[in-house]
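Q: Knowing the structure of chain B, use the given hints to seat chain P on it.
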Amino acid sequence: MISEIFTSAFYTAFSISILLCYRVGKILNLSFASFFTLGAYLSILNPLLAIPFGASAGFILHKLTKKLSIANATIFSLGFAIAIEEILRIYFRTEYIILPVQKITLFGEMVVGSHAISGLISTAFVTIFLCFLLSKKSINLRVMEEDLELAEIYGVRTERLRLIVLTITGTLIAFLGSLHNPGIVYPTLGWQYLIFSVIIATLANIFERAYLFAILFAFVITCLPKFF
Amino acid sequence: MRRVLIFVIIFTFLISGCVQQKEDKEDKEIKIGVLVPKTGEFSSAGIVMENAAKLAEKHAKEIFGVNIRVVIADCGDKPETAKTAFVSLAQQGVVAVVGAYSSPQALVVADTANELKVVYIASVASADLESKIREGNRYVFRNAYNTSYWGVLAAEFLRITNAKSYYLIGYDPLRTFNTAMFILIKNSTKAELKGEDWFKSPSVAPEDYKRAVEKALISDAEVIILGDPGATSVSFVREYAMKGGKATIYSVGGTLALMSVLRGLGIDNIAFQAAAIEGEEKTKLTKRYFENYREIFKEDANNYAGLLTYDAILIVAQAKMKGNLIEELEKGSFFGAAGIYTFENHQAQWGSEKLRGSIGIFRSGKVEILT
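So the protein sequences, as listed, match chains B and P.
The letter at position 99 of the first sequence is residue 99 when you use my numbering, and the numbering goes up by one with no holes.
The letter at position 203 of the second sequence is residue 431 when you use my numbering, and the numbering goes up by one with no holes.
Here chain B stands alone, though its shape is the one from the complex (with noise of 0.2 Å):
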């Protein structure tokens, strides 16, 4: 069960960064397929690197997509993943790579280390953002994914929060990508995560405290293949 706790720990954050990007920055990330691809591959060098590349790719992203609409703004992340993904397989080269992988027992459960890190980092990642949202500090977030231009009427700086919003996003998914990998990686290792998490974010995002249900669904569709 630590494993599963684990893994639902980490789709939430995954679905919640795809809400926030939705909902605040205006696009459906799919970059983010590739951002964990890349952490993935960083792994192989050093876990960390995975920050500053992760976040370097979501301020680059910011840029090239903020005079964009929703739509173009999507089709463009599709794109910006497929060029991440093409350098990988252009530098790399090899079909797979495989990670050496680290065993830990929690309380009795036989775990993957890497992954029990990914898990308490989802973990504080989705406790500080709820934290966050419960604040009056959020007043701004919140106008933002009401309504954009109303954000602006208030003299929200939409912009800088958008940049926030994808640079923070983007290195928490890069960074996941280093630790949640399956600990074999080949370019396209990102899309089976990011689907999985779309389709968490899509439910999660039909009701209004889509956050908490983004929670709620993960770990239901997490523990839901253990009863069947």
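Derived from the structure by calculation, the hints contain no laboratory data.
In this text, all values refer to a predicted model and were calculated from it rather than measured experimentally.
Idealized CB from N, CA, C, for every residue including glycine.
Where hints are given, some of them may not hold.
[Said to hold, decoys possible] Derived DSBU-like pairs: lysine-lysine, alpha-carbon spacing no greater than 35 Å straight-line:
no. : chain 1 : residue 1 : chain 2 : residue 2
1   : P       : K392      : B       : K103
2   : P       : K282      : P       : K311
3   : P       : K266      : P       : K594
4   : B       : K67       : P       : K422
5   : P       : K428      : B       : K26
6   : B       : K103      : P       : K422
7   : B       : K103      : B       : K137
8   : P       : K474      : B       : K103
9   : P       : K471      : B       : K103
10  : B       : K66       : P       : K266
11  : B       : K63       : P       : K266
12  : B       : K103      : P       : K438
13  : P       : K306      : P       : K582
14  : B       : K137      : B       : K26
15  : P       : K418      : P       : K594
16  : P       : K266      : P       : K256
17  : P       : K392      : P       : K259
18  : B       : K103      : P       : K443
19  : P       : K471      : P       : K392
20  : P       : K311      : P       : K266
21  : B       : K103      : P       : K428
22  : P       : K438      : P       : K526
23  : P       : K526      : B       : K103
24  : P       : K282      : P       : K256
25  : P       : K345      : P       : K289
26  : P       : K259      : P       : K311
27  : P       : K443      : P       : K414
28  : P       : K512      : P       : K474
29  : P       : K548      : P       : K345
30  : P       : K594      : B       : K103
31  : P       : K594      : P       : K515
32  : P       : K526      : P       : K266
33  : B       : K26       : P       : K266
34  : B       : K26       : P       : K306
35  : P       : K594      : P       : K526
[What the hints assert, rightly or not] Here are some of the chain B residues that sit facing chain P, going by a computed Cβ distance under 10 Å:
no. : residue
36  : S3
37  : T7
38  : Y11
39  : I98
40  : T188
A: Frame of chain B; chain P shown alone:
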């Protein structure tokens, strides 16, 4: 004026001569289409198929003296995308098309080949192409195994190792192929079947293999037969070993047949099937395929999807060199890295003396060839 006219006439003749020469040159070049899953579920296999196709283009000239040009088209992971890619290749004037990955793709492409009168050689999929041939489709051939041969090899492995029990794990996106293989295994071995399970595509449930591992551990079988040739099989094996599983894993190959992957995992007793294993010398091409692939692409050569795509291209090149493509394919024999191919009812004769699949097992850092 007359001089100008003479000059124009001479110039026109010269130009037309050049064009004729160019056309002659083009005539000598054989264009072969290759359906490669560059995108979608099977894109990892697409990379090795594309690399192998490029190597075949090089070897066709060097070894057989045939000037071929491979034209690659992305067939994705759906039958519709494979059909579109096939039509596009046919429009480019290829003499034959090889490749595609999954069984549903191969079935649709076989029909399209018949409609467009372009030869198609299925180099990976094990779909029921026999029914298409029985219906009178002369344009479809297969140099890959048929489903029964997959089962034959797995049953052979159970026999060689004297396994008392086995457990089957299928991969949901390849259900057609896995089901047919499992039926044959069940019907041809005396070992006890301890159970059957399927794990889902990672796009639907990325960690479903963990559930399959738990069930496999409970089964306590001596051999686990794994139907997934992709990356999830690696996650499965690693999780299984981590949880203390002791069974021998028999894989259909693909990712788990790559030496670099096996070395990286460092887990003993992983068996796999392959069309040929590095170190064997089935024909003069076997060694050359493995060595040149590593030299050019800086990685281990794939020994099923890649190797058979390579062979399929060389088969077309050799047959076309002899004369009418269909007639030559039906009656001739052709060199490949996996052995010498002959076709009976348009199916390569796997299991014959000159064309046999191989089984290897990874132990103590190296691959032992069992058959």
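Q: The structure should be examined with respect to each hint, and the outcome stated for every one.
A: We went through each hint and held it up to the structure:
Restraint check for K392 (chain P) and K103 (chain B): the C-alpha separation of about 31 Å stays at or below 35 Å, so the hint holds. Restraint check for K282 (chain P) and K311 (chain P): the C-alpha separation of about 22 Å stays at or below 35 Å, so the hint holds. For the proposed pair K266 (chain P) and K594 (chain P), the alpha carbon gap of about 31 Å is at most 35 Å, so the pair holds. For the given pair, K67 (chain B) sits about 60 Å from K422 (chain P) by alpha-carbon distance, which is inconsistent with the 35 Å threshold.
Simply put, K428 (chain P) and K26 (chain B) have alpha-carbon atoms about 32 Å apart, close enough for the 35 Å limit, and the pair holds. Distance restraint check for K103 (chain B) and K422 (chain P): the Cα-Cα separation of roughly 28 Å lies within the 35 Å cut-off, and the hinted pair is therefore satisfied. Proposed proximity of K103 (chain B) and K137 (chain B) is contradicted: the alpha carbons are some 40 Å apart, above 35 Å. A hinted pair counts as satisfied when its Cα atoms are at most 35 Å apart, and K474 (chain P) with K103 (chain B) qualifies at roughly 17 Å.
Distance check on the hinted pair: K471 (chain P) and K103 (chain B) sit about 10 Å apart at the alpha-carbon level, within 35 Å; holds. Under the criterion of a C-alpha separation no larger than 35 Å, the hint pairing K66 (chain B) with K266 (chain P) is consistent with the structure, at around 31 Å. With a C-alpha separation of about 30 Å, the suggested pair K63 (chain B) and K266 (chain P) falls inside the 35 Å cut-off, and the hint holds. Restraint check: the Cα-Cα separation between K103 (chain B) and K438 (chain P) comes to about 15 Å, which is no more than 35 Å; the hinted pair holds.
Annotation: proposed proximity of K306 (chain P) to K582 (chain P) holds, straight-line Cα distance about 34 Å (limit 35 Å). Of the supplied pair hints, the one linking K137 (chain B) and K26 (chain B) holds, its CA atoms being roughly 20 Å apart against a limit of 35 Å. In summary, the hint linking K418 (chain P) to K594 (chain P) is supported, as the alpha carbons are separated by about 30 Å, within the 35 Å threshold. Taking the CA atoms of K266 (chain P) and K256 (chain P), the gap is near 29 Å; set against the 35 Å cutoff, the hint holds.
The hinted pair formed by K392 (chain P) and K259 (chain P) fails the criterion: a straight-line CA distance of about 50 Å is larger than 35 Å. The straight-line distance between the Cα atoms of K103 (chain B) and K443 (chain P) is roughly 20 Å, inside the 35 Å bound, and the hint therefore holds. Restraint check for K471 (chain P) and K392 (chain P): the C-alpha separation of about 22 Å stays at or below 35 Å, so the hint holds. A distance of roughly 15 Å separates the Cα atoms of K311 (chain P) and K266 (chain P); the hinted pair therefore holds under the 35 Å criterion.
For a cut-off of 35 Å, the pair hint linking K103 (chain B) to K428 (chain P) stands: about 25 Å separates their Cα positions. About 32 Å separates the Cα atoms of K438 (chain P) and K526 (chain P), which keeps this hinted pair within 35 Å; it holds. A distance of roughly 31 Å separates the Cα atoms of K526 (chain P) and K103 (chain B); the hinted pair therefore holds under the 35 Å criterion. Between K282 (chain P) and K256 (chain P) the alpha-carbon distance is near 18 Å, which keeps this suggested pair within the 35 Å criterion.
At roughly 26 Å between alpha-carbon atoms, K345 (chain P) and K289 (chain P) fall within 35 Å of each other, so this suggested pair holds. The suggested pairing of K259 (chain P) with K311 (chain P) holds, with an alpha-carbon distance near 19 Å, which does not exceed 35 Å. A C-alpha spacing of about 19 Å is found between K443 (chain P) and K414 (chain P), which places the hinted pair at or below 35 Å, so the restraint holds. The hinted pair formed by K512 (chain P) and K474 (chain P) fails the criterion: a straight-line CA distance of about 39 Å is larger than 35 Å.
A hinted pair counts as satisfied when its Cα atoms are at most 35 Å apart, and K548 (chain P) with K345 (chain P) qualifies at roughly 15 Å. Only pairs whose Cα atoms come within 35 Å are accepted, and K594 (chain P) paired with K103 (chain B) is accepted, the gap being roughly 24 Å. Restraint check: the Cα-Cα separation between K594 (chain P) and K515 (chain P) comes to about 18 Å, which is no more than 35 Å; the hinted pair holds. Our distance criterion of 35 Å between C-alpha atoms is met by K526 (chain P) and K266 (chain P), whose separation comes to about 19 Å.
Under the criterion of a C-alpha separation no larger than 35 Å, the hint pairing K26 (chain B) with K266 (chain P) is consistent with the structure, at around 30 Å. As the CA atoms of K26 (chain B) and K306 (chain P) are separated by approximately 31 Å, the hinted pair is consistent with the 35 Å bound. Taking the CA atoms of K594 (chain P) and K526 (chain P), the gap is near 19 Å; set against the 35 Å cutoff, the hint holds. Interface restraint check for S3 (chain B): the shortest CB-CB distance to chain P comes to about 7 Å, inside 10 Å, so the restraint holds.
About 6 Å separates the beta-carbon of T7 (chain B) from the nearest beta-carbon of chain P, less than 10 Å, and the hint is met. Because the closest C-beta pair between Y11 (chain B) and chain P is about 9 Å apart, less than 10 Å, the hint holds. Because the closest C-beta pair between I98 (chain B) and chain P is about 3 Å apart, less than 10 Å, the hint holds. The interface hint given for T188 (chain B) holds, since its Cβ lies 5 Å from the closest Cβ of chain P, which is under the 10 Å cut-off.
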